[in-house]
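Given the coordinates of chain A, work out where chain B should sit on it, guided by the hints.
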Amino acid sequence: MTDAGTPWSGYAPAAAWDEAMDLDGEVREPYARVYEEIERMSRDDLRSRAEALASTYLAQGVTFDHAGEERPFPLDIVPRVVGADEWDIISPGVAQRVRTLEAFLADVYGSQRCVTDGVVPRRLIATSQYFYRAVAGVEPANGVRVHVSGIDLVRDQHGIWRVLEDNVRVPSGVSYVLSNRRAMSQMFPELFGAMGIRPVLEYSRRLRSALARSAPEGVHDPTIVVLTPGVYNSAYYEHSLLARTMGVELVEGRDLETVNGHVFMRTTAGRRRVDVIYRRVDDEFLDPVKFRPDSVLGAPGLIHAARLGNVTIANAIGNGVADDKLIYTYMPDLTRYYLGEEPVLPNVDTWRLEEDEAREEVLDRLDELVVKPVDGAGGKGVLIGTRASRDELAAARAQILADPRGWIAQPVVQLSTVPTLTESGLEPRHVDLRPFAINDGEEPWVLPGGLTRVALQRGQLIVNSSQGGGSKDTWVLGGVRQRPHGEPPVESRVELAGLASVPQSAHPEDVVAGQQQQQQQQQQHEVGGTSGGGAPC
Amino acid sequence: MLSRIAESLFWIGRYIERADNTARLLDVHLNVLLEDPWVDEPSANASLLTVMNVPCDGGASRAQVLETLAFDPQQLSSIAGALMAARENARRAREVISTEVWECLNTTRMDLRRWNGRTARPHEFFVWVRERAAVTRGLASATTSRDDVWNFLELGRSLERADMIARLLMTRSLEGTAGPDWTTLLRTCSAHEAYLRTVRALVTEERAAEFLLVDRHFPRSIAYNLSMAEQFLTNIEGEERSRTLAGRAQLALGRARTNLEYSPVREVLDDLASQMQSVQRACATASDLIRDRYFLPDATVVWSQEAL
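Protein chains in written order, with our numbering: chain A, 2 to 538; chain B, 457 to 764.
Chain A extracted, bound-state conformation (with noise of 0.2 Å):
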């Protein structure tokens, strides 16, 4: 089946390990089902497809904000499959990272037994600009800090997965995992029926019982409330999706008021109090008492009221101590050392520029490694030594020396691949992939799936939306379908026997017969007689 009519022909993975297909072009065992699916189709009818996907997204509004426009996010007709064997890497490797970072966080804003053990030294975290003093001892109502992270992951040239980053402040982009699998399948229905894809809807589920979990002691019925920047920011499609979906309210900042150490928002029928903010406003913004006197993004005396313990804020204020990515690099130790565990996942080998010898060897090699800064997101500031020209190196240099403390070095990670359709057909594609896990102080649940983004032009490794990446649906097997035994369980039989079904009714004029007909002849008898045998109109 390779004549010139399948969208597959001409589709050749290079040097990365590629998903979908090894080196000799044989399908790998999770892509089957894909591709003997888009084998079936012609090129016209994938790319139509395609079309139609993007025509769904602009109806539901399914945008993003890139530079105050509102633009559809790229969704890929392909989608990403992840075998149940990985997954069962994945899963525990993300759960064990995210369980090491609440012990981090915990131990950084507490006795910083990590710091008198010598495991972390002092100075990082005194220096790291997301250290806040002004939580320093605030216990939170469940032990949980970390409700909701996205562990960024990669995988290497030998098909290792590999953590690249962690994300415990506000990470982003869970809505699309949940728009884009609506959205495809309502694409391929006939792959989800028959491939058993683990679902992904109880996210929304799961984050409200987590969220309720961590609201301050002795309140029952926690208020829950989503608190958005307002409808410019470029996740807000995200942050109203979440409230619509776990049914509580979305507000800004102008919606809240403190009064006397409590919370409270704005309603027509006069103020209600707030028990759990889950914000998606940047530590700095969220309260203009304690930080940015001109934020007017958050709400004053936010920070007095979580101190007090009548408010949740989740995730937690300044935990961008324990996603910096220098801290980054001591994470395998810090698993030791909290869990006493071997880290599942393992890291990408990271030099720390602050070090001497470290630092000689980067600036020596600067042209084969990537350098990013420390407090970076969204594929700001990364420079890919291998891209560079010698002006940038040269300048990237210069930071360096500056501030060591500010940047790290990592060799060049060939991410990768996944068959995506392109302008000239299936290519493939650079892609990582962001599971997101919930913590409701029990143990953390890794949503199946995750967000995949992918680097829409030939080549390109940074996959962030903001540099023109776009995502796949990213679909786990070993869902219940795909079990050996077919006996449905007991349980889930409908009971029908038995029972008589209850009649439809109807209009009784439309129900007696031939009426109508009795009618009919009648008009063609009145017709015929009036005009005498004419045709009747």
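Possibly wrong hints are sitting among the right ones.
[To be verified] Facing chain A, from chain B, some residues (calculated, C-beta under 8 Å):
| id | residue |
| --- | --- |
| 1 | Leu458 |
| 2 | Ala462 |
| 3 | Arg548 |
| 4 | Ser601 |
| 5 | Val605 |
None of these hints come from the bench; they were simulated from the model.
Just so it is clear, CB atoms sit at the ideal spot from N, CA and C, and this is done for glycine as well.
Showing chain B alone in chain A's frame:
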């Protein structure tokens, strides 16, 4: 419900209704321009713009009227502007309105691009606008719980409809033209058949005016909409009815309604333009009072840097 959301809902209701009625009004106006042999077009246009509260000096061309009242997306008095604004408000209140209503408003805004001022048959545009408004209302009605979300949507809608019908009736006395006859006005309000069934007589000025002004059962009479608005205010207020501001909004609406209901029709007709203006003023007053009562915080704690 959050005050901010309530305000958005109130305005979604108003904007959709505004788009719908502006389409009706322009449709009838263009028709009059075609049919009236002695029409003085520039001054008729200018006077129409005045009715719609668009500043204009001297005469106005037909293209100008169409641009400002139908196609200019920047103006809130235009159909396009109202539809865009409805969609923006829906985006702000996205989590309380249903997906169906949101998608309807969103696609309406996107389809707006198909139309522009140079379209040869504006009538088709007006039909499309009326249809979209009807679809939006139908979806909202079928998918919204009858709680405050519905109350605020409908409050806005009733208020705007009363206001717009008052403006529509003002076109009877436009300068430079004899204006539309009462049959046309009834048709414009989709009221002709209902009128014939209720009144069972040919269209006479007084009967027709009575029908559009004070009929208690027809959903496009002014009094009907004013009393609906009063009803929704009562629903929103619920148990605690002692607050005065909402009471004052009801007062303004009730006074306008009873003034129409208890005056002889002839009297209203003799002074139609100023009577209709007082209806519009009552609606504006009520709208302001509703804003003061429900949408503005009563006491705001303002964080000011200077105080440090």
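Evaluated hints:
1. Leu458: Status holds, d = 5 Å.
2. Ala462: holds (5 Å)
3. Arg548: With a closest approach of 5 Å, the Arg548 of chain B hint holds.
4. Ser601: violated (12 Å)
5. Val605: violated (11 Å)
Hints 4, 5 from the list above are not met by this structure, while the remaining hints are.
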